[in-house]
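The task is simple: from the sequences and hints, build the whole structure.
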Amino acid sequence: MLQHFDPNKDYGTPARVSENLVTLDIDGVTVTVPEGTSVLRAAALVDINIPKLCASDNLDAFGSCRLCAVQIEGRRGYPASCTTPVDAGMKVVTQNEKIAKLRRNIMELYISDHPLDCLTCPSNGDCELQDMAGAVGLREVRYGFDGHNHLDAEKDLSNPYFSFDPSKCIVCSRCVRACEEVQGTFALTVDGRGFDSKIAAGQDDSFLNSDCVSCGACVQACPTSTLMENNVIEMGQPEHSVVTTCAYCGVGCSFKADMKGDQVIRMVPYKGGEANQGHSCVKGRFAFGYATHKDRIKTPMIRDSINEAWREVSWEEAIGFAAKRLKEVQATYGRESIGGITSSRCTNEETYLVQKLIRAGFGNNNTDTCARVCHSPTGYGLKTTLGESAGTQTFDSIKYTDTMLVIGANPTDAHPVFGSMMRRRLREGAKLIVADPRKIDLLKTPHLKDAIHLPLRPGTNVALVNSLAHTIMSEGLEDKAFIDSRCDDKAFIKWQAFITEERNSPEAMQSITGVDAEDVRKAARVYANAGNGAIFYGLGVTEHSQGSTMVMGIANLALATGNIGREGVGVNPLRGQNNVQGSCDMGSFPHELPGYQHVADDEARGRFEAAWGVKLDDEPGLRIPNMFDAALAGSFKALYVQGEDIAQSDPNTQHVEAALKALDCVIVQDIFLNETAKFAHVLLPGSTFLEKNGTFTNAERRINRVRKVMPALAGKEDWEVTVALSNALGYEMNYSHPSEIMDEIASLTPSFTGVNYERLEELGSIQWPCNDQHPDGMPIMHVEDFPIGKGNLAITEYVATDERATRRFPLLLTTGRILSQYNVGAQTRRTENQTWHNEDVLELHPHDAEERGVNEGDWLGISSRAGQTVLRAVISERMQPGVVYTTFHHPGSGANVITTDSSDWATNCPEYKVTAVQVEKVTQPSEWQKNFEDFNTKQQDYLKKGRRSRTEEVSP
Amino acid sequence: MSHSQLDQLIIMANQIADNNHLDTDAESIEFIATHIKKFWARSMKEELIAYAQEGGDKLNVLATQAIMVLSEQYTSRST
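Going down the list, the protein sequences come from chains L and Z.
Every position in the first sequence, counted from 1, becomes a number in our numbering once 2 is added.
Every position in the second sequence, counted from 1, becomes a number in our numbering once 18 is added.
Keep in mind the hints are simulated off the structure, nothing from the lab.
In this text, a Cβ means the ideal position worked out from N, Cα and C, and glycines have one as well.
It is possible that part of the hints are untrue.
Unchecked claim - When the alpha-carbon atoms are kept at most 27 Å apart in a straight line, the in silico DSS-like pairs for lysine-lysine are as follows:
id	chain 1	residue 1	chain 2	residue 2
1	L	LYS792	Z	LYS55
2	Z	LYS56	L	LYS492
3	Z	LYS76	L	LYS496
4	L	LYS617	Z	LYS55
5	Z	LYS76	L	LYS492
6	L	LYS617	Z	LYS56
7	L	LYS100	Z	LYS55
What the hints assert, rightly or not - From chain Z, some residues computed to sit far from chain L (all C-beta separations above 12 Å):
id	residue
8	LEU24
9	ASP41
10	GLU48
11	GLY74
12	ASP75
13	SER89
14	THR93
Structure follows, in structure tokens:
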């Protein structure tokens, strides 16, 4: 890979950026580095490796261990090279007898209070303390080991993923600084003074009971085995590594999979990853055990009806069975009676193949993806206003942001690594505005000043964004020069007239949004006068009946204030799953071919027809909710689902279940028997990200390589399964490696023409568009113009949702995610992350709890017009009165039994964020929950019987 | 609680109309028709066209007129 630095080397202190270069002499070598660079780093850049212990290039220099002492001509003593910035003409000596003696003395003191169990120590072979003892030539410890020491200090084994052994701690405070500087949680501290100094979590709590979020930054920072992964303790040091991309959220972190043969020992965040820059969260860092969990489906299975046991069969038989059923359905009910759903968890190549199979093999456009239920309004809204269905920035751009406007997003839980980058910028002084019904954790960022929270009522986003825009325009805060040069005149004039109408003022909207008008005006001023104002938004924007309108309202704000087209600004959708951006790019939506080319565009469709050798339909196909409706109406009869769990994740569960039951053939390709698979007739084993090659595209349009680190447990990678199904259906596909699929994508997708695996190896990652105009990709979009020429300010009339609080349903339910669990929980529920969240609960404000006589932990029945479920109560002041909240990570919780069929007017994205409900104390589970348990027990039994039959068959 | 397919299509069409009152009715009708043409499946359009042709009582005024515009386009397309 082309790197300006070696990501596997620690340069001691962070890189500095400066136009002023400084030249100095280190051990006779002339070095030129940016002003502000430390002597330690300058030396490391020319491979003069000064010993160090408390320094690391992801932490600010601290200067406590003194091991990196050097001599500098004209200066007294032995300054620490980590805290000494370079000076022009400086002459540095890093090695001589005096320095060597000093370093040996320092190491001797450290080792005098350190157990000498190197041979049995978990970090043997990967220990900086051991390395430094060797580097300085320590041969004896003159002090002996009989004096006061910490060798009997008690271990903290409370965290399921790592251990804390204070007997090995040298109190370098790298863990404390990593928790503060990298993660931004401030969970660790150095307690006591002098000899009594020790690392403590919180107020001397256990790690598990402290504020620690188990991101692993402290473990990574530790130069000894004080903080050590339990896997390494149990299995020993890894022997090789493969760089790959995390399969959890849309941040798309790069990790080194540290391996022992085919076994993953640990996942270590990769410093060369442009998205995460060496940081991680509890999911990506530790929660990978699901990949080898006993529940993995490793053999294909079929059955004629969902009321009978599965039969384990060969791949050939399963694929043949699936193809036959699909053909029979089409022969009986017509070409449009079948369809499929691509996965935002699978790779670009796999997603591309599924939609290709549907369009070319099934002969219709009934393809959709789970982005339908999360970010489809982003696609519509941004394409309408900015001309491209994608976020405008890099994550790194936040380093230049002066004000963050965070709307309907909870980054510290849902996009934790980017949440840490946000917190770092906030600590540096950036301002924060949060528009959210709940007090999200970002508002509790340590050292945050002057945050504005706009606690709007669920369902009133557009009213709020309009009143922000009204303030900007009526108070003359707009960027006139930007509007004149970059925005469409006619659209702007129309929009200006609309938005400045009094009915859009904060004062007029106050009764709708519930947000104090003066706070709205203040927030608008802060954003408009920011210098660099950046908007970050999540599903709290899109999952509404006006999700698309709100996305356009957000783009309007950025256009009106000129916050587009440079570092530090922009419109940044925070994507939920790892490859939501990619699945949209790859043509998963029924109306768009790869690269957002409409199926009715004869020229674009013609190119696909020529390449795929088949005539394509020029009409859009069914979207996911339309498929359900058509299934119940009897016109849609078969579905191929790759890597999605619509029975748990989609709204109005009872409607979804009825639709699935109405289908003649459901083919599920997944790593587990998920909720949807319980309604299936064919179960094809899926492969995890560890078992395949491919690419993911993250929320900043960054295409990252996914590299296979272990064989596919069931023998086939997901793309191979789609190829086999297509061939069995008679539409020939012939690929020997995902790189060939990417080459085909590039040949048909204008924004991908420059993307191929060789280029990805060379550049590390590529942010599309990547083509002749942008051969290395495009980190910041819309710098000079928009794909539609000028920015289009759109009219965003507020229209109230039909989901409103009534006498029968007086509360509003909003749903979301939590840090330790991921989406439907299929992966994280099969890891130790269960320690933190083993059930979904209902959060409600103390006022609402008191009104209903609810105490913490009570069972609560939650009813909506769609259904009823029962959850345990958590009373929380982060809620506002009248609003309740839950997550949907556990299938038996039935969060989506309550959510309704209300959806975005433009895209049918469900309105998960607003459901009118009533809450009351109950004593038993809901009817749905009882039925769920019965159905689940039955289906698990069918699975066991299927597995047993195969075992009996193959036994002698 | 679930709507039939037709009920759902009516809700969706009305919702598009409610969210897009443009300067003139003609502009609104054109927008609604174009949106449905661009994003809805053939079978959904056909079902709603058939409903509108039979009176379309539950469709609001703008949605009805937009469906009639689509009806003309799809009729002329198939002939």
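Hint check:
| no. | hint | result |
| --- | --- | --- |
| 1 | L:LYS792 x Z:LYS55 | 25 Å, holds |
| 2 | Z:LYS56 x L:LYS492 | 24 Å, holds |
| 3 | Z:LYS76 x L:LYS496 | 32 Å, violated |
| 4 | L:LYS617 x Z:LYS55 | 20 Å, holds |
| 5 | Z:LYS76 x L:LYS492 | 35 Å, violated |
| 6 | L:LYS617 x Z:LYS56 | 19 Å, holds |
| 7 | L:LYS100 x Z:LYS55 | 82 Å, violated |
| 8 | LEU24 | 8 Å, violated |
| 9 | ASP41 | 8 Å, violated |
| 10 | GLU48 | 15 Å, holds |
| 11 | GLY74 | 18 Å, holds |
| 12 | ASP75 | 19 Å, holds |
| 13 | SER89 | 15 Å, holds |
| 14 | THR93 | 15 Å, holds |
In this structure, the earlier hints numbered 3, 5, 7, 8 and 9 are contradicted, and the remaining ones agree with it.
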